[in-house]
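Peer 1: Chains as they are written, first to last, in my numbering: chain G, 1 to 199; chain P, 1001 to 1199; chain S, 2001 to 2256.
Simulated from the structure, these hints should not be mistaken for lab results.
In this text the structure is predicted, and so the values were computed from the model without any measurement.
Treat the hints loosely; a few may be bogus.
Unchecked claim - Cross-link-like lysine-lysine pairs, in silico, DSS-like; alpha carbons within 27 Å at most: (1) S:2252 / P:1147; (2) P:1119 / S:2148; (3) S:2093 / P:1086; (4) S:2148 / P:1162; (5) P:1086 / S:2148; (6) S:2043 / P:1119.
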Amino acid sequence: MSEIDDRERAIEAMVFASDEALDARQIAGRFHDELTPGEVRAILQAIAARHAGSGIELVERGGHWHFQTPADLAHLLRRERDDPRKLSRAAAEVLAIIAYHEPVSRAEIEAIRGVQTSKGTLDVLMEAEWIAPAGRREVPGRPLIYKTTDAFLQHFGLASRKDLPGIEDLRAAGLLDPVDLAFDAAMDELDLVKDGEEA
Amino acid sequence: MSEIDDRERAIEAMVFASDEALDARQIAGRFHDELTPGEVRAILQAIAARHAGSGIELVERGGHWHFQTPADLAHLLRRERDDPRKLSRAAAEVLAIIAYHEPVSRAEIEAIRGVQTSKGTLDVLMEAEWIAPAGRREVPGRPLIYKTTDAFLQHFGLASRKDLPGIEDLRAAGLLDPVDLAFDAAMDELDLVKDGEEA
Amino acid sequence: MEELPLEYEVVPAAAEREDALQLNLESWEGPLDLLLTLARSQKVDLRQISILALVEQYLTFIAEMRAKLEVAADYLVMAAWLAYLKSALLLPKDPTEDPSPDELALRLQLRLQRLAAMREAAARLLARDRIGRDVFLRPNPEGLQDVKVRRWDASLYDLLAAYGQVKLRTEPVVHMVARRPVVTLDAALTHLQRMLGVQLDWAELSAFLPPDYQGPLRRSAIASSFVAALELARQGRVELRQEAAFEPLYLKASQG
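With the sequences and hints as input, model every part of the structure.
Peer 2: What follows is the structure, encoded as structure tokens:
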């Protein structure tokens, strides 16, 4: 195996030893900024490439990097382990709505689900650190709005929100737009069709 | 990088994700003994060799294998941060006494200060590396005696202890005036300045 | 859209269950959810779904439930609204009606599509490779440490000032109280009264002072004489005059 650069070794050890995922800026800081975050990122990518196909992989989640086992080995490793937190159906839906629509208020979540959201549901998601308040919506009542966190991306193995399954298709289909907006669009289309027929 | 054998990947992931160091027999057991402990050991050695020189190492301790970061990188995993603290008045007094009277024992310091000196005060000065023990006084009890260090001279910008101002200099500088007298003197000076301005 | 296995499988629609008695509304997350479940049982794309058929299914279901169980209010509100929608859809179209039943149906359809999209998104999210289930982290990392290094700070001035205070504290202290020359109030009163007999016109306070009083003694004499003048004025034996604040103070013996 070719000689590994000292800085690459150091960064590899840092990420390996860290008890939480690190981002390039944190790592650069540990080098007293002798390296730029950009350089750190390039080195992280080199490390990830070196581990590709092995039993350990270096992955990026929301800009933060950590080592983990490859998913295809899950069956060998799952033994004697507790299942991760089992989400209720309501919690899973609320989480999905926040992830795909963020930031959203509770009222907006309820508009999609057609049912009131119990306080407990948001609490469970906040306790798991998958969602966090993201300020207030500047509308009457100034409702709190929520967004997903880096821990959410990490847990679900997403490099970024763009990786949310099917998000592009949903957006393209207008399924992430509010009903009012979709309704107006549908009516416009209908009018166009009618106009076309009449012409 | 050459293709890594599936079993090698699996063993690597197992050791990585394990709470504790694993021995070859435990690993073979997870493969339902399709591998002999000897084969497992050979694979572990191959994994260790693959990581040699990187920021992660696979090591054997008493037949049990685990991943760790290389010892020579330990300093990078610790980050030292300065935590500046102002020296207490008591510590400044003790330091000054040692500087003016060195070498002195703790009992002598107390006699000069007129108050008891806590052990912690001397510890702080030793931690700052401004004082150091300088042997023992050949009197009953053989008390430890202290002197100032080169670091002390450096910190306070002194070429040698002879540069410390003498008692007369201190008096001239007003440093031997009682605090209230010194205050009055300062006020007088202020008045002079004001008068000057008015004139 | 592709159907994914849900981690939480929904309760089958009532029609598929023999023991409809055991169904309860808690199986659904509200009326919209029940509608969606019914819609899925039609096994057609939500965009092609017959809202009328769906509404009928819902109303039938709620009617059955009502016979057997206490039906939650929001299900009944939905039922009432859907009954209205159903009648509107069946009646001949009234162009003046706003919103039109078709528009209401479209809105319902859009809502169901959105809920279905999120339901599916949730399932796909939960099916991802999750930490602790599919991928594993290092259980006991060494951790990165931040070590604080204490750095003591003091200036040479601090040091010398501290030494000065030590010296001062331990030096034998002698208090010398200097005796200062003063003119007492009594002396000033006596002197002033005597002088007023001589001086008949207005005169400045300083004119009443003995000319040989100099330095601190003179300052003391001014102070005492001033107080004495106030006292004599109070007794009505002297008049005081001053042009303005800080101007010279003039005295004159009272007439009569």
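Peer 1: Under the criterion that the straight-line Cα-Cα distance not exceed 27 Å, is the pair residue 2093 of chain S, residue 1086 of chain P satisfied?
Peer 2: 86 Å, violated
Peer 1: Would you mind confirming whether the straight-line C-alpha gap from residue 2043 of chain S to residue 1119 of chain P stays at or under 27 Å?
Peer 2: 83 Å, violated
Peer 1: Check whether the Cα positions of residue 2148 of chain S and residue 1162 of chain P lie no farther apart than 27 Å.
Peer 2: 35 Å, violated
Peer 1: Can the restraint linking residue 1119 of chain P and residue 2148 of chain S be considered satisfied, given a maximum Cα separation of 27 Å?
Peer 2: Distance of about 22 Å is within 27 Å: holds.
Peer 1: Decide if the proposed pair is consistent with the structure: residue 2252 of chain S and residue 1147 of chain P, CA atoms, cutoff 27 Å inclusive.
Peer 2: Given pair residue 2252 of chain S, residue 1147 of chain P is violated - Cα atoms ~76 Å apart, limit 27 Å.
Peer 1: Quickly compare the C-alpha distance for residue 1086 of chain P and residue 2148 of chain S to 27 Å and report which way the hint goes.
Peer 2: OK: residue 1086 of chain P and residue 2148 of chain S at ~15 Å, within 27 Å.
Of the numbered hints given earlier, the model fails hints 1, 3, 4 and 6; all others are met.
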